[in-house]
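Enquirer: Given next are the chains, with one letter for each unit.
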Amino acid sequence: MLKELLLVFALAVPLACSDSLSRQETADKWKPILVTVNELAQPTDVYQAPLFGNQVSLHLYVLAPSDSSDLTAEVQAPDQQPLTLPLQTLEMGEKTVSSYPGVDLLKFTAVARLPSQTNLGALDPSLAEAQLLRFRYGFLLSDGQRTVPVTGDFPAYSGADIPGAQWNVLGSTISSPEDQAETGQTVTLEADLANPQGEAIKVGWYVSAGELKNRRAESTEWTLPGSGTYTAIMTVRGKQSRTAQLAVRTIKAP
Amino acid sequence: MRILLLLILGLTFDLTRVGQGFAEEAAGANAPQIIELQILAKGTGRALKRAEVKLGTEVFTADPEGRVRLSLPSPEALLEVQRAGYEAQFVQAKDLWGKDKASIYLLPGKPDDSEVIITGSRRPEVSRKTVSVKETNRIAPGGDPAQVTQLLPGVQSSPGRTDVVIRGSGPNDSRYFVDDIEVPSIFHNVANLSIVPAQQLNSVDFSSGAFGVQYGDATGGIIVLRSVDQIPEQPRTEWVLNVPFYLGIFHEQPLSATSSLAVSLRHSMLEAILPKVLPKDLGATVVPSFYDSFVRYLVKDGDITHKLTLVSSRDGLSLLVPSANSEREDGRVNVEFQNYFAAVGLEREQNLGDGWRYRSTPQFRVFRLKANFANDNLYLRGRTFAAPTEFTKRLDRNRSLYLGVKPEWNRVRISAKLPVLNTSDPYFDPEDAQRLEDSRTYTYGNVSAWSALDLGWGDLVLTPGLRVFQSQLVPGQGVDPRLQGRYALDSEQQLKFAVGQYSIAPEPAESSRKFGNPDLGYEKSNQYVLGLESKWGDRWQSEVQGFYKKIYKLIVAGGPDNFQATGSRIVYGAEAFVRRNLTEKFFGWLSYTYSKSEERKSDADPWYRSSFDQTHVLNLAGSYKLSAFWDLGLRFKYNTGDAYTPVESASYNANLDKYSPSYDEKNPYSARIPDFHSLDLFATYDAFYDRFTLKYQWGIQYLSLGKRVSSVSYNYDYSQKENVANLPPIPYLQISGEF
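So the sequence lines, in the order shown, correspond to chains R and G. Note that the working numbering has the first sequence beginning at 1, numbered continuously upward. Note that the working numbering has the second sequence beginning at 1, numbered continuously upward.
These are computed hints drawn from the structure, not numbers from a lab. Virtual Cβ for every residue (Gly too), placed ideally from N, Cα, C. Among the hints, a few may not be true.
According to the in silico footprint, chain G covers these stretches of chain R (three or more CB under 8 Å from chain G) [stated by the list, open to error]:
no., segment
1, 26-36
2, 232-239
Dumping the calculated BS3-like pairs for lysine-lysine here, alpha-carbon to alpha-carbon at most 27 Å [said to hold, decoys possible]:
no., chain 1, residue 1, chain 2, residue 2
3, G, K721, R, K29
4, G, K637, G, K707
5, G, K276, R, K213
6, G, K49, R, K95
7, R, K31, G, K658
8, G, K658, R, K239
9, R, K202, G, K417
10, R, K29, G, K658
11, R, K107, G, K658
12, G, K417, R, K239
13, G, K658, R, K202
14, G, K721, R, K213
15, R, K213, G, K658
Work the whole structure out from these sequences, hints included.
Expert: Structure, rendered in structure tokens:
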């Protein structure tokens with residue numbers, strides 16, 4: 001075991017440092033950046049946890065250079081594996097494109113109906129009494145030349161009162177800079193994170209151009225390539241709740 | 001730069017002094033003189049007994065203190081002072097006139113290519129090579145003895161690798177010793193330095209496989225650093241300044257006619273230098289550090305020799321590297337390793353008479369291993385008491401009997417906070433995995449016993465042997481039969497062969513009820529070796545060997561208990577070794593290994609290339625002594641690139657906002673990094689002062705044509721791959737002093 005552990009450690013170092021070839025945070029090519037589950041239509045809405053037997057909506061966000069209209073998404077059945085159940089009934093819905101300076105934000109919607117507790121029991125008797133199950137989804141993004149599989153999972157509950165069912169990080173936003181702000185060549189990006197349950201969260205910043213000091217930090221510096229109008233996108237995920245939030249800011253640099 | 005200029009000036013100054021062989025004192029009177037001369041070796045001030053002083057037709061011989069008393073007839077007389085191995089000095093009597101006493105220093109003689117220096121050999125084994133420290137000093141940059149193991153046939157090589165892969169077996173499958181004291185490794189993690197400095201060593205024994213029954217719990221090879229076992233005639237102190245790597249000091253002191261004490265200490269300087277010289281905008285901080293100490297108390301009293309040895313070593317590495325997965329404010333990830341061990345052992349060797357000898361080395365060892373990666377960590381601590389003892393009986397001229405036993409007690413504590421590996425989950429990611437946080441203590445004993453017999457019939461010598469062993473980590477006992485043989489075809493050529501079974505017990509964590517599989521047995525290996533050793537006069541010798549090794553019941557990850565003994569590995573190949581024996585002027589060797597290594601996880605699986613497969617390994621090492629002062633050397637290395645499993649595709653993990661690679665598991669290790677080659681050049685200049693010597697060593701390591709690649713690296717979504725360059729050519733300077 002020691003050999004394997006040290007091997008993992010040894011491999012982890014170069015993998016952790018493998019960012020020299022290109023950077024994830026820029027919009028040099030289209031790239032998936034987030035999948036939300038049951039996201040709020042309005043900020044004032046109340047979060048609805050995925051429940052057995054209910055419909056669940058997924059939104060796949062893709063960051064793309066302007067005019068990436070050829071991009072399509074389809075459902076891809078995920079591999080079977082023991083810790084999660086494959087989400088069988090997922091169907092693709094509409095695609096919307098929001099254009100921001102230097103970047104498009106594509107949003108693919110998909111819906112599925114989760115199996116009821118009865119159906120789960122019929123599928124596997126050991127699941128008849130389950131209060132929490134994880135469902136795995138899969139998408140396949142393609143522009144005809146390049147394809148990128150997207151996968152993830154989320155928890156679903158037998159009832160809304162199951163402990164943990166209401167955990168979420170929704171309401172997180174960008175506190176700095178303000179939208180449409182005029183800035184210098186270096187911009188401080190700062191997230192205002194909603195994390196009432198104190199779960200482990202993960203921040204990811206994306207920008208239309210420029211360089212970030214640390215795209216995982218709650219607060220970081222963004223160096224712009226020159227004057228112009230730019231876009232910054234913040235994503236935040238709750239590692240336990242699997243809820244996620246996205247926020248966008250555009251800025252102008254003289 | 002200023003330091004370099006001072007060194008060059010010092011060296012220039014020294015070159016102007018080397019011809020001055022005697023100390024000048026005040027001028028004397030103008031009458032016949034009685035004078036006492038003391039003849040000393042320049043550079044050490046050591047008295048040269050039996051030195052001769054010729055005065056006309058008379059020859060005076062120096063006493064054990066190097067002293068000669070004679071009468072100078074006139075100031076015009078000429079004295080010739082000489083001794084074998086030193087340059088003769090001619091001294092004008094007028095330079096000594098008026099003195100009662102004078103010292104004359106003789107420079108070491110010019111290198112002699114006519115005399116082959118014989119290095120001792122121990123109990124012969126088919127695949128063992130012994131390299132003396134005299135030899136390693138000539139071909140290892142910095143004179144580090146253990147480095148030569150990486151130049152020998154059967155040893156695989158990778159850029160930056162400091163552990164040893166022997167005939168397709170991983171570093172943990174080999175065993176390392178300082179005399180009979182087992183140590184976890186023989187190298188520091190940086191600079192390819194061994195844990196014991198050259199001054200403390202006599203020779204390095206290296207067995208690439210098919211070793212004798214006195215060694216067990218290994219399926220790879222055996223490396224033994226043999227420490228000095230002679231009482232020095234006089235005190236000796238050496239210091240070493242190696243820029244940029246380390247600082248060291250060694251002192252050896254005879255305590256009586258039968259006892260001596262030697263102490264050495266080395267400490268790295270990298271941790272002080274690197275933070276100052278690394279560019280501030282590099283984004284990464286790398287701080288390696290190490291130290292080692294070695295104490296040897298030796299008593300040789302008639303038929304009994306006692307050697308008390310204390311060896312300790314610590315290596316540390318601290319890395320702060322930029323990472324997209326960092327949760328720190330500065331976007332970096334902290335990685336730390338610390339590896340410490342210490343051992344104390346008392347070796348007693350005694351001639352019991354009537355052909356019986358025995359050697360026993362009760363020893364106590366401790367080790368600590370710490371590894372931190374971001375928020376995960378692993379901490380191992382262990383203590384071991386062992387008492388290997390071997391009796392030897394010389395039955396007659398052709399037969400010798402060996403009987404040995406090694407009881408061992410171990411206590412290991414493992415504390416870990418690590419991701420729980422789930423190899424069956426295609427979406428597994430350590431970042432998202434559950435953490436296992438636990439501490440466990442394992443106490444277990446091992447015992448082994450062995451017997452071997454040398455049987456000679458004319459030109460044939462056979463050595464059958466048997467090793468029996470039991471480990472509390474493994475159910476049941478094990479028995480390994482082995483047979484070695486040598487047949488002299490003529491006075492110059494010897495046919496050698498070996499066949500044997502080798503076993504290694506699982507590690508505590510692998511057989512643990514908590515972490516692993518308590519039903520694991522011994523990993524087994526059957527090894528076959530056939531070779532021809534040839535002497536070509538007294539200057540050259542060569543050896544070719546073919547080998548086949550099958551490892552079965554190999555422990556592989558997988559199954560309900562995390563580990564299962566279902567794997568197999570085969571390694572086969574051939575080695576060639578041509579060696580120019582050591583003379584004062586020239587020494588070197590050429591070694592080449594061709595090998596194939598394949599592995600499978602179970603009998604139902606297909607064979608695939610092993611991670612340790614390296615088809616070609618070529619080493620050329622040589623040293624030529626131009627004069628008593630100058631020595632030039634080179635090492636050239638070529639090897640097939642390391643194998644790795646390429647990434648086939650990658651998917652975006654929406655849970656973690658990162659990409660998960662899918663490796664080509666049907667063809668593990670199907671890709672290779674480019675072949676590797678490098679050239680090291682070095683020169684040594686000895687500057688002799690009357691009572692001390694300064695040794696300057698310059699060199700440049702890692703010269704190459706084109707880019708030297710150490711690994712491959714993928715970008716964030718695994719759509720691009722690039723070769724990671726290895727270290728650029730590194731010049732170094734080492735200054736050591738001996739007095």
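Enquirer: Please go over all the hints and tell whether each is borne out by the structure.
Expert: The hints, checked one at a time:
1. Three residues within the 8 Å Cβ limit are the bar, and the segment 26-36 of chain R against chain G gives 5, so the coverage statement holds.
2. Counting residues of the segment 232-239 of chain R whose CB lies closer than 8 Å to any CB of chain G gives 3, so the stated coverage by that chain holds, three being the minimum.
3. Using a Cα cut-off of 27 Å, the hinted pair K721(G) and K29(R) holds, with the two alpha carbons roughly 17 Å apart.
4. Taking the CA atoms of K637(G) and K707(G), the gap is near 15 Å; set against the 27 Å cutoff, the hint holds.
5. Between K276(G) and K213(R) the CA atoms are separated by roughly 23 Å; this keeps the pair inside 27 Å, and the hint holds.
6. Restraint check: the Cα-Cα separation between K49(G) and K95(R) comes to about 98 Å, which exceeds 27 Å; the hinted pair is violated.
7. Using a Cα cut-off of 27 Å, the hinted pair K31(R) and K658(G) holds, with the two alpha carbons roughly 11 Å apart.
8. For the given pair, K658(G) sits about 13 Å from K239(R) by alpha-carbon distance, which is consistent with the 27 Å threshold.
9. For a cut-off of 27 Å, the pair hint linking K202(R) to K417(G) stands: about 20 Å separates their Cα positions.
10. Restraint check for K29(R) and K658(G): the C-alpha separation of about 15 Å stays at or below 27 Å, so the hint holds.
11. Taken as a hint, the K107(R) and K658(G) pair is honoured in the structure, with Cα atoms around 18 Å apart against an allowance of 27 Å.
12. For the given pair, K417(G) sits about 19 Å from K239(R) by alpha-carbon distance, which is consistent with the 27 Å threshold.
13. The straight-line distance between the Cα atoms of K658(G) and K202(R) is roughly 11 Å, inside the 27 Å bound, and the hint therefore holds.
14. Taking the CA atoms of K721(G) and K213(R), the gap is near 23 Å; set against the 27 Å cutoff, the hint holds.
15. Only pairs whose Cα atoms come within 27 Å are accepted, and K213(R) paired with K658(G) is accepted, the gap being roughly 18 Å.
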